[in-house]
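Participant: In case you want the letters, here they are:
Protein chains: 2
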Amino acid sequence: MTPDLFGEIDPPQRLLMGPGPVNAHPRVLRAMSADLLGQFDPEMTAYMNQVMALYRPVFGTANRWTFLIDGTARSAIEASLISLVAPGDTVLVVDFGRFGLLLTEILERIGAVIETVSAPWGQVVPLADIETAIARTRPKVVATVHGDTSTTMAQPLAGLGDLCRISGALSYVDATATLGGMAMQADTWGLDVVTGGLQKCLGGPSGSAPITISDAAAERIFSRRHVEKGIRRDDIVDGSGVRIGSNYFDLAMIMDYWSDKRLNHHTEATTMLYGARECARVALGEGLEARFARHAAAGRAVVAGARAMGLTVFGDDAHRMTNVTGILIPEGVDGERVRARMREDFEIEIGAAFGPLQGKIWRIGAMGYNAMKHKVLITLGALESVLRAEGFAVPAGAGVDAALEAWGA
Amino acid sequence: MTPDLFGEIDPPQRLLMGPGPVNAHPRVLRAMSADLLGQFDPEMTAYMNQVMALYRPVFGTANRWTFLIDGTARSAIEASLISLVAPGDTVLVVDFGRFGLLLTEILERIGAVIETVSAPWGQVVPLADIETAIARTRPKVVATVHGDTSTTMAQPLAGLGDLCRISGALSYVDATATLGGMAMQADTWGLDVVTGGLQKCLGGPSGSAPITISDAAAERIFSRRHVEKGIRRDDIVDGSGVRIGSNYFDLAMIMDYWSDKRLNHHTEATTMLYGARECARVALGEGLEARFARHAAAGRAVVAGARAMGLTVFGDDAHRMTNVTGILIPEGVDGERVRARMREDFEIEIGAAFGPLQGKIWRIGAMGYNAMKHKVLITLGALESVLRAEGFAVPAGAGVDAALEAWGA
Chain A
676 MTPDLFGEID PPQRLLMGPG PVNAHPRVLR AMSADLLGQF DPEMTAYMNQ VMALYRPVFG
736 TANRWTFLID GTARSAIEAS LISLVAPGDT VLVVDFGRFG LLLTEILERI GAVIETVSAP
796 WGQVVPLADI ETAIARTRPK VVATVHGDTS TTMAQPLAGL GDLCRISGAL SYVDATATLG
856 GMAMQADTWG LDVVTGGLQK CLGGPSGSAP ITISDAAAER IFSRRHVEKG IRRDDIVDGS
916 GVRIGSNYFD LAMIMDYWSD KRLNHHTEAT TMLYGARECA RVALGEGLEA RFARHAAAGR
976 AVVAGARAMG LTVFGDDAHR MTNVTGILIP EGVDGERVRA RMREDFEIEI GAAFGPLQGK
1036 IWRIGAMGYN AMKHKVLITL GALESVLRAE GFAVPAGAGV DAALEAWGA
Chain B
676 MTPDLFGEID PPQRLLMGPG PVNAHPRVLR AMSADLLGQF DPEMTAYMNQ VMALYRPVFG
736 TANRWTFLID GTARSAIEAS LISLVAPGDT VLVVDFGRFG LLLTEILERI GAVIETVSAP
796 WGQVVPLADI ETAIARTRPK VVATVHGDTS TTMAQPLAGL GDLCRISGAL SYVDATATLG
856 GMAMQADTWG LDVVTGGLQK CLGGPSGSAP ITISDAAAER IFSRRHVEKG IRRDDIVDGS
916 GVRIGSNYFD LAMIMDYWSD KRLNHHTEAT TMLYGARECA RVALGEGLEA RFARHAAAGR
976 AVVAGARAMG LTVFGDDAHR MTNVTGILIP EGVDGERVRA RMREDFEIEI GAAFGPLQGK
1036 IWRIGAMGYN AMKHKVLITL GALESVLRAE GFAVPAGAGV DAALEAWGA
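In order, the protein sequence lines correspond to chains A and B. Adding 675 to a residue's 1-based position in the first sequence gives its number in my numbering. Adding 675 to a residue's 1-based position in the second sequence gives its number in my numbering.
FYI, nobody ran anything at the bench for these hints, they're computed from the structure. Treat the hints with care, since some could be wrong.
For chains that are exact copies, the list does not tell them apart, and a pair is met inside one copy or across any two.
Once the Cα atoms are required to be at most 25 Å apart in a straight line, the calculated SDA-like pairs of lysine to any residue come out as [what the hints assert, rightly or not]:
id: 1; residue 1: 815; residue 2: 864
id: 2; residue 1: 1048; residue 2: 959
id: 3; residue 1: 936; residue 2: 910
id: 4; residue 1: 936; residue 2: 681
id: 5; residue 1: 1048; residue 2: 1009
id: 6; residue 1: 904; residue 2: 762
Next comes chain A alone, as it looks inside the complex (with noise of 0.2 Å):
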């Protein structure tokens, strides 16, 4: 340990472009410097019920049991699978990227019965497909990805909730890369419980997960309801389903805390909190359409740039997510040496890729705070500029006209 302690925070002034975390909106981050208050202080109430208010349009619902929880986007992945699946239950999970494969991950360890219905990297899931697959299968619940930024690509949503509700399924979206981005019509698709995070078209940091829980999922999870030792009271009686198999992601336990019983559980991530109220004012006080409508220009001008510049575009144009944009790594290219030079030279982060697109990609993001014209703008001129310097003749100015143009458009 030096003898400073390493000396003040003092980060570098990046522009993080790639698929998340972003640059938070300043405005969040001066809320979240607000002083704390007691869990229980009615002003700390309040302020709960209001980031309830405010996260349901975000969500599209009406749902009463809209929150948060104290983790990253994937905790609340997981507190969704736990708190809704059995072991032994059967849970359809649609697979079209790695975020597919990691809500097998968390299924297998909570001993689900996992059928799977998938497409290739770079494409989704035909809505046809899903109905055969949960006629097939019967699930119990059926988890999709909205979009998964290891593919770019976006499910579609709307039909899923009629489908789940003939068959009597429970359906699950991990919406964190595109929630305040892209459209979400929890209520209208007729989604069970859609979960996000704050560090993507949010606009905040990382560490508090939205979620929003349609009634008939919050009394599957309150029928397994089992409220731990040293705090039970009298009124809130336990269920007769099996015990959730996690204390700290035991919905039912959060749903009693954020509710008119205050049942003590985990002690609020307050200055989070205030960080995800924030997040909400900023998104509702844009307009959600008109929020969606910047970041659909932010995607048509980073492909329409990138296009510009002789790069391919990764994935199906019809199925993109609007706030990542994969681009393939040009043959001859070190897609590793180009991503060090835009930080290096222009402080700017682009993105690399996982698994069967690890080295082949990289994942431009845009999204939140930085979907905008000239963080667009900038990013694809010095990518021109790197790409040039690594060899890969690129038409000068090309790329940033083009995108200019898509803006508008």
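Dock chain B against the given chain A, drawing on the hints supplied.
Facilitator: Using the frame of chain A, we list chain B on its own:
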């Protein structure tokens, strides 16, 4: 929803003198307003390594595996237990309060065989009783709380590690409520896994949980390593042990994330990490011995002040936590009315209690940034006024005078 989206965050300036959370140190909140970094950017991984170095002295350890869990203090408890304990393993729980019951609760969900050695609330468990219980139950893990805020008692830990090592057990200690405020000598005491939280003596917000893991415990955890699909790599080999029952709390994967391997797992909660880093810098900058002395002075002052006001202090004097004190609610006084008046007239929060102590004691905390002479004196002065208003005769000024004297004693 109101048209102004509930307005800007603007909590009252309240003095939080309960069992935690407490007011964060302003330096911590300022550090958290720094902008984000990409999770694998070299500056970010450097900050992660600094956090590891900064928390080693905080835990009194040289353990390589000293890092953060992304969640509240409770998340690190569950991560520790689910990663150390396989279903069917015998665990001895040292139980002397609500948070001992929490250990039991988490272990039940893991499927452990749970043995318990208990003390009544207000006392601690004698080391000899633990020794006997270990001999009787031959546990794989011995789990205890250090300071249990529900009873305000601090379990002595010296000697526990030796008992465990002799019997081949690993030890787990929940030091959420004491870390950074009372001495923690993980290595000297031979403890295997110790976890904390920021929102108590470390003077930060809830939402990030420091953890340290001995080499022996790391070996057991890595024997259960099972890297998730989608990010498997040739350089990371799975273990042969029983797979850890949670993905989010899989310490093997989280350790690979915090190692040079930088295995992608969750997206590190960057803002919370900045806060955790600053908490440690504040603590080490003050000096741990000075910090422990400050907390001890605060505890002495609260106890002396309460007694001088004619109040009875709860629990065993010999094993009192320094940072939170239980005070019996006098006969005929409405404890919740007192708490409400403290909050409404003085903007001071003091704590209620759980379980068998609910309605019987208040809990006054003085920890982290609030373990300060003036804050203790102000609190006791306010309590005197409130008690008098509620019809309980208090000798005027006696509490504050006694506390002032005890502070310097």
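Participant: With reference to the structure, classify each hint as holding or not holding.
Facilitator: Structure-based check of each hint:
With identical chains, the CA atoms of residue 815 and residue 864 are at most 25 Å apart within one copy only, with a shortest distance of 18 Å there and 49 Å across copies. Taking the shortest alpha-carbon separations for residue 1048 and residue 959, only the intra-copy value of 20 Å comes in at or below 25 Å, while the best inter-copy value is 44 Å. Within a single copy, residue 936 and residue 910 get their C-alpha atoms as close as 8 Å, which meets the 25 Å cut-off; across copies the closest is 49 Å, which misses it. For the identical chains of this complex, residue 936 and residue 681 are inter-copy neighbours only, at 23 Å across copies versus 44 Å inside a copy, given an alpha-carbon limit of 25 Å.
In this homomeric assembly, residue 1048 and residue 1009 never come within 25 Å of each other (Cα to Cα): the closest approach is 27 Å inside a single copy and 60 Å across copies. For the homomeric pair residue 904 and residue 762, the shortest alpha-carbon distances inside one copy (23 Å) and between copies (20 Å) are both at most 25 Å.
Hint 5 alone, counting from the list given before, is not met by this structure.
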